[in-house]
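When you get a sec, could you build the whole thing from the sequences and use the hints?
Given next are the chains, with one letter for each unit.
Number of protein chains: 2
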Amino acid sequence: MFNLFQNTTDYIEFQPGEAIFRAGDPPDVMYSVIDGEVDIVFNGKKINTLGKGSILGEMALIDASPRSADAIARTPCKLVPVDEKRFNFLVQQTPFFALFVMRTLVERLRLMIQETGKI
Amino acid sequence: MFNLFQNTTDYIEFQPGEAIFRAGDPPDVMYSVIDGEVDIVFNGKKINTLGKGSILGEMALIDASPRSADAIARTPCKLVPVDEKRFNFLVQQTPFFALFVMRTLVERLRLMIQETGKI
Numbered sequence: 001m002f003n004l005f006q007n008t009t010d011y012i013e014f015q016p017g018e019a020i021f022r023a024g025d026p027p028d029v030m031y032s033v034i035d036g037e038v039d040i041v042f043n044g045k046k047i048n049t050l051g052k053g054s055i056l057g058e059m060a061l062i063d064a065s066p067r068s069a070d071a072i073a074r075t076p077c078k079l080v081p082v083d084e085k086r087f088n089f090l091v092q093q094t095p096f097f098a099l100f101v102m103r104t105l106v107e108r109l110r111l112m113i114q115e116t117g118k119i
Numbered sequence: 001m002f003n004l005f006q007n008t009t010d011y012i013e014f015q016p017g018e019a020i021f022r023a024g025d026p027p028d029v030m031y032s033v034i035d036g037e038v039d040i041v042f043n044g045k046k047i048n049t050l051g052k053g054s055i056l057g058e059m060a061l062i063d064a065s066p067r068s069a070d071a072i073a074r075t076p077c078k079l080v081p082v083d084e085k086r087f088n089f090l091v092q093q094t095p096f097f098a099l100f101v102m103r104t105l106v107e108r109l110r111l112m113i114q115e116t117g118k119i
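These protein sequences, in sequence, are chains H and X.
Going by this note's numbering, the residue at position 21 of the first sequence is 21; the numbering climbs one at a time, nothing skipped.
Going by this note's numbering, the residue at position 107 of the second sequence is 107; the numbering climbs one at a time, nothing skipped.
Intra- or inter-copy, both count: the list cannot distinguish identical chains.
Pairs of lysine to any residue, SDA-like flavour, derived with a Cα cap of 20 Å:
#1 Lys52 / Asn3
#2 Lys85 / Phe100
#3 Lys45 / Gln114
#4 Lys45 / Leu109
#5 Lys45 / Glu115
#6 Lys45 / Ile113
#7 Lys45 / Arg110
#8 Lys52 / Phe87
#9 Lys45 / Ser68
Hint data in this document are derived by calculation from the structure and do not stem from the laboratory.
Owing to the predicted nature of the structure, the values given are computational and were not obtained by experimental measurement.
Given below as structure tokens:
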């Protein structure tokens, strides 16, 4: 849960079923969910649902690689886009943001380890 | 590759075959490799070899969970231990360190996606 963006007005709205991004898309921004829920879909299988306070799309932003999965609005959503410049600024100015991103990445790793029994 | 610790003298030496940590161990520190190579072993299978400039054990430090895998010295190694206090200090004072940790975590995720075909 991360509240840094809760009062931001530069959000984008998505409707249920709408794709926020698709696997293979070039990286541009990550998103912070300030309202609604987003399904993460990999090879046609839903692997996670992210709610208010979650971030998504951070992997592509960090290593400048294409998206790994689809992100589809599950409900009406409000998402704040964070581009590389804003991301780097947040990491520099808000250590709690950096730690939050790290914890999110570790959660994803733990989830994968659980799901696959591999590392 | 991360050079912040290259001139540090508070390193620990490990001999080939020696365990740096084992899966299930409680988290205490992460390590930065300043010399040598470390094998990461999961369920008896080597999944990665980390060299000079790599970090290991960062997951357990970030989410305070037990170790996910064994880390075994492959060659004579010099590792700098980084406890939570030092880690948080580095994240706050050295944004490049925070970004390096994030990139490392994303690399691990990409590797898992490749290995398992899952996310």
